[in-house]
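Peer 1: Residue numbers (the working numbering), protein chains in the order written: chain B, -8 to 327; chain C, 3 to 435.
Honestly, I wouldn't trust all of these hints.
Take a look, some chain C residues computed to stay more than 10 Å from chain B by CB distance [stated by the list, open to error]:
hint: 1; residue: R8
hint: 2; residue: L165
hint: 3; residue: L214
hint: 4; residue: N222
hint: 5; residue: Y230
hint: 6; residue: P251
hint: 7; residue: L275
hint: 8; residue: G287
To be clear about the criterion: a stretch of chain C counts as covered by chain B if any three or more of its residues have a C-beta under 8 Å from a C-beta of chain B, and this derived list gives those stretches [what the hints assert, rightly or not]:
hint: 9; stretch: 200 to 206
hint: 10; stretch: 233 to 242
hint: 11; stretch: 262 to 268
hint: 12; stretch: 289 to 303
hint: 13; stretch: 421 to 432
Calculated directly from the structure, the hints in this document are not laboratory data.
For every residue, glycine included, the Cβ atom is placed at its ideal position computed from N, Cα and C.
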Amino acid sequence: MDFLNGFVALSNFVLIPAIAYGSQLALGALGVTLIYGILRFSNFAHGDTMAFGSMLAVLVTWWLQGMGVSLGPLPTALLALPLAILGTMALVLITDRAVYRFYREQKAKPVILVIVSMGVMFILNGLVRFVIGPNDQKFLDGERFIISVREFKAMTGLREGLAIKTTQGLTVVVAVVCVAALFWFLNRTRTGKSMRAYSDNEDLALLSGIDPERVVMYTWLIVAALATIAGTLYGLDKSFKPFVYFMLLLPIFASAILGGLGNPLGAIAGGFIIAFSEVTITYAWKKVLKYWMPEPLEPDGLVQLLSTDYKFAVSFVILIAVLLFKPTGIFKGKAV
Amino acid sequence: MSDMMRNSLFFGAMALLIIGEGMFVSWNSALFILNFGLISAILALGVNLQWGFAGLFNVGVMGFVALGGLAVVLTSMPPVGEAWNAGGVRVIAGLLIGAASVVSAVFTYKKLAGRARAIGTVAVLLVGFFLYRAVFDPAVQAIEAVNPAGTGYLGGLGLPVLLSWPVGGLLAAGAAWLVGKTALGLRSDYLAIATLGIAEIIIAVMKNEDWLARGVKNVNGLPRPMPYEIDLQQSESFIATAQSLGIDPVTASTLYVKLGYSVLFTAVLVLILVAAQLALHSPWGRMMRAIRDNEVAAEAMGKDVTRRHLQIFVLGSAICGIAGAMMTTLDGQLTPGSYQPLRYTFLIWVMVIVGGSGNNLGAVLGGFLIFYLYTKVEVWGPDIMEFVTIGLADDNALKIHLIESAAHMRLLTMGVILLLVLRFSPRGLIPEK
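With the rest of the complex left out, here is chain C (with noise of 0.2 Å):
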């Protein structure tokens, strides 16, 4: 009972934190901390699935959340019917002598021994370059000549964008599962660094791969779930709803279309919570922990490790998917610069670890509370350094720098209330039971 009494406590400040928000601030800035913590719960417990319960140590977060946001755009933007003729099809081929490439080099490697492996490998592989490059590159082309400035890309496939995030799951999943083939298995650092790598590189195809989502032109005008506060406020009978109720039409149509976010987004939350909570609590989930804390031993119980492993590394890093395309949705468009890894994966990182890593409930505190930290601390940090320099003249060239970058503040704090969650209070602030 004083389980649930605790977090019951730490849930409900955490709402007064947020409601606190509302009132003094502005209800649009609650609403927009809330559905970034709603996203940002989901990719903790995504995280907490891989390290929390299968102790794999998966620093490449930020590469699923961006093929999430991919997904977005090739399932909801209408197709480019010009850009398909001019070379939809060549590039599909071309993508496929790729993969075949690959596939027949690892079935001459596994065919083959001695020299003749490695020279049967490395010929099929080079050969394979070259053809694909042959096929692959005339019709990019030609692709990106079309309209370039409006489109230039295939487009997407012009379904509804809700149907985005489960193929934003999908395409996670699929990639993870290739990562997990090559890299798990190997030592925890190692797979760091694989999984690291493997994400910057999902975002350079992004930004360099125009055809398939424009690259760094971004993708904007995404489709949305929610009507357009636009059309809102030009509708009769949403504007005297709004006056009967005392809010101005503009406000109330901003905060109609975040609520309707706030919605959605709580119910794919409730959703995968509960489906963690069932798996933590059944045999699959107690084999996974037995798992984490002695794989030797569970080796030697009959357990597969190495392929239970890649089970939850594909489980969590769906996870990752879903909310990258739910993040991609809500902003309304697509911009592969803008991923940064302390942001998209070592700030997740921090969520677990000062929510509680083993613990469902625990990551979902943690993505609230260091979300509404992260934003919060932007703002309060200039507010603390005017109050700090207050001796000093206003024309000080040591008040203004320190004003001036404040801003920056907001990763050494993260930075900090790490290195004191995992000093102080190691098993986070709700910890496993």
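Chain B extracted, bound-state conformation (with noise of 0.2 Å):
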């Protein structure tokens, strides 16, 4: 029994969370390494990019709250986030055209992309703010609990209750059909393929008959579709503020480098190991240690690692280690 009421402790504080966590991370992490692979550039207007598709889907989620729209039990959001999806999409191909396809042509150093990029950010940065404001949004609605600790309790008869928030559930299940559906993309269609053999070989997909511009420009719809759907689904879990998808973007790109930068299966193992590592070192252990440990050796402190303040610097240790000892990441990334 004991041993039961410490696991359900833990999936409680350490296993859900992280799972809805590394799902919201592996889904930037996949948009991040995705332009890498492709465009051959660290974009550090991703975040914003987030940003923006997010604010999108709050805005849409407004108006059909406002139209009296709603889809039961679930988030308004999920109706709104096709809107957003292409209104996202819109922005990033705009953007391509009028600010990054000039480079392109340049064949300019990747480092200029990077600050290119970086204007970009603020650039997006300002109209979110501009249009939705600074401020913290809401915009969940519907059930907000799968299982919440009362049923839970009452069901199973355990001291510690488990809960499961709709949207924690949701976002597990929407990366997963993300994910299905983008390595489905790649693998089998041929679009997918050639974006592979560009990502891989860029002069030889050249010689091959491959049109760099629309493998350019099918990257950038994915990406703002992926982008869209983590802020989105970030936003319902957490809450909506423009700043926290910058913040974002440092546990997004330790990711997607942990992985090996290029790589999108990479992506997504990186995205969970960071979540997991960064939740399990800045949890207080004593719940769960209190059940586990014999009597004589229960803790008496908080057992925790590091103050949650610190989760960014778990991040960053674990992305110091990877580029020292395995540069390419944990999945052969790309070395330039």
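Take the two lone chains and join them into the complex the hints point to.
Peer 2: Structure below.
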């Protein structure tokens, strides 16, 4: 019984939040890694692209709520997603036309593109704050929990409760669907295959008649969709605040680099590793250990390795360790 | 000669902008822009040293600026004796244990091989970590318990505040050495991410370690190198001088203090600018640019690229640290919550790129110009919106929203300026020769 209680506490406070957060990071890291693989630069504007996409989702959700549309137990934001994705796609295509294409034609060095993406970051950041303001926005509706603590306790008779938020369940389901669709696209369709070919060897791909502009366009479209979905899920799960998405840039890049930049599978693995490390290292283990340790060994303190405010430090240390010992990441990424 | 002409024209125009601010808005506001412009120019010089001279992509400027700010507290605030008695020695012992365990972990890693290496290193780190926490945590609690509303930290050394500027530089240099030792030699984007991360960590430490500088409770009332306005207003000789000049004593006192800072900051800027110019035109500067333009060739010529990179990374970061200390001195308080990467890292980058990377004068001009625009756009935004929406009724929801959020226009404007310069004048206003 004690073991079960401990396990339930562990699931409630560590496993479930980490899985949800990991899925959000993985979706974000996929976007970064795809841009890196195809366009060959680190996109600093990715966090703000996510913010822009989620902002559209929030606005459309409000509009739908105003018209009285709802999905019952599910958040209305799901209905808003397709429209938000379309809007973000339009935005990234316009940005690519107006900004990035010029440097691609010039064959500018990757670091110049990074600086250009800094400019785009400023613009998007300003745009989002201009439209929706810098404050927290609520757009979650529907059922809050799939299982609440009280229901779980009544159901099992355990002392510890387990809660699964609707948004957590939703995050995992949506992430799995997205990843499955993405891999099907990359591995089975003609366009997907040409994208992978272009990423592996640009010259060879060009020789075999692949149109680079088409590949780049599809990449941006996919990245826009991923960024919007990741941002909206994060916003539903935590809360929507423009600045937070900028702060997500660090764990997202850490995930992508950890898995190997340019490698989609690596991005997913990296997202989960970063999420689990952040949550486990900043979690106060007392609650779990009090069930698992024999009485005399029970800890006095909280057994929290680091305060939650240092969660960035966790992704950073992992990042540095990977860069020092295995610069191409766990799965072999592009080492340029 | 034409270069000289054009540069003078640019700087003359910049001076006119600031004087115009003084004539048409207020001299206080003009001096505010001048002072922060001077600090921004120093920051831009630091980043230009790293990016313009050596091609190092440092986006952790904010961290070094914040360390400079921390130096002001650690140097100039009076020590809190009671807190030192409560746990001062123990905190330092804890930190030493932490440092010792990292060093011995590195040592273990270098000495052992194979599986023993991984296990040994991890074991040393784990033991070190728990030992460190065991010594460190009680001391922190004891210190933070001493008058938490007033102090709750160790205080500083009680030295003159001007001394904190070089100390800020040293602190930033030390941190930069640690970062550089691990992260330099990586590809440019990796260095960018690593520096972005270290900046966030420095801010996190400053927000959370209350024993060090009170964390988010902020340290107010830092000592100033200038007299307080209130004291000036009570000094009879000052009032007499102000009245003889025909200025109201209150305004005169604020102007006097701000002008004093301007003189100090100008002295620092000139010092650093001259040093940077000499460095740029010395053999060392030529070597740096050679490394930047072709690392492989420079290495083949026998230049130690990683070492040179580390050197210039430390130097540039130290300059950012000095500027950070100056900024905190000017503010008179340390507020770790106010450090934002967009303002303290990326805006500096806009200054360098717009001014002209690789050119020190360009960096200085960029610092002044971009800070001027950054301040003014916030003011102009609502006015422009008022004008644009002139056809709408005053209670129109759209009009109200547009005018209210117009202040956020400045980030957007900075982005547009950066992109326009990169596209149409990628070498900046004053290009590298």
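Peer 1: So, for every hint listed, does it hold in this structure?
Peer 2: Hints, verified against the model:
The beta carbon of R8/C sits about 24 Å from the closest Cβ of chain B, which is more than 10 Å, so the claim that it is off the interface holds. No beta-carbon of chain B comes within 10 Å of the beta-carbon of L165/C; the shortest separation is about 30 Å. With 10 Å as the threshold on Cβ separation, the claim that L214/C sits away from chain B holds: the shortest Cβ distance comes to roughly 14 Å. With a least beta-carbon separation of about 22 Å from chain B, N222/C lies farther than 10 Å from that chain, consistent with its non-interface assignment.
Every CB of chain B is more than 10 Å from the CB of Y230/C (nearest about 34 Å), matching its label as outside the interface. Remark: the non-interface label on P251/C is consistent with the geometry, its nearest Cβ contact in chain B lying 39 Å away (cut-off 10 Å). L275/C, annotated as away from the interface, keeps every beta carbon of chain B farther than 10 Å; the closest lies near 24 Å. For G287/C, the non-interface assignment is confirmed: its Cβ lies about 21 Å from the closest Cβ of chain B, beyond the 10 Å cut-off.
Restraint check on the stretch 200 to 206 of chain C versus chain B: 4 residues with Cβ-Cβ distances below 8 Å, three needed, restraint holds. Remark: the stretch 233 to 242 of chain C is not confirmed as covered by chain B, as 0 of its residues place a Cβ nearer than 8 Å to a Cβ of that chain, below the required three. With 0 residues bearing a CB less than 8 Å from a CB of chain B, the stretch 262 to 268 of chain C misses the requirement of three and the coverage assertion fails. Against chain B, the stretch 289 to 303 of chain C contributes 0 residues with a C-beta closer than 8 Å to a partner C-beta. That does not satisfy the three-residue criterion, and the hint is violated.
Requiring three or more residues with a Cβ within less than 8 Å of a Cβ of chain B, the coverage given for the stretch 421 to 432 of chain C holds, as 4 such residues are present.
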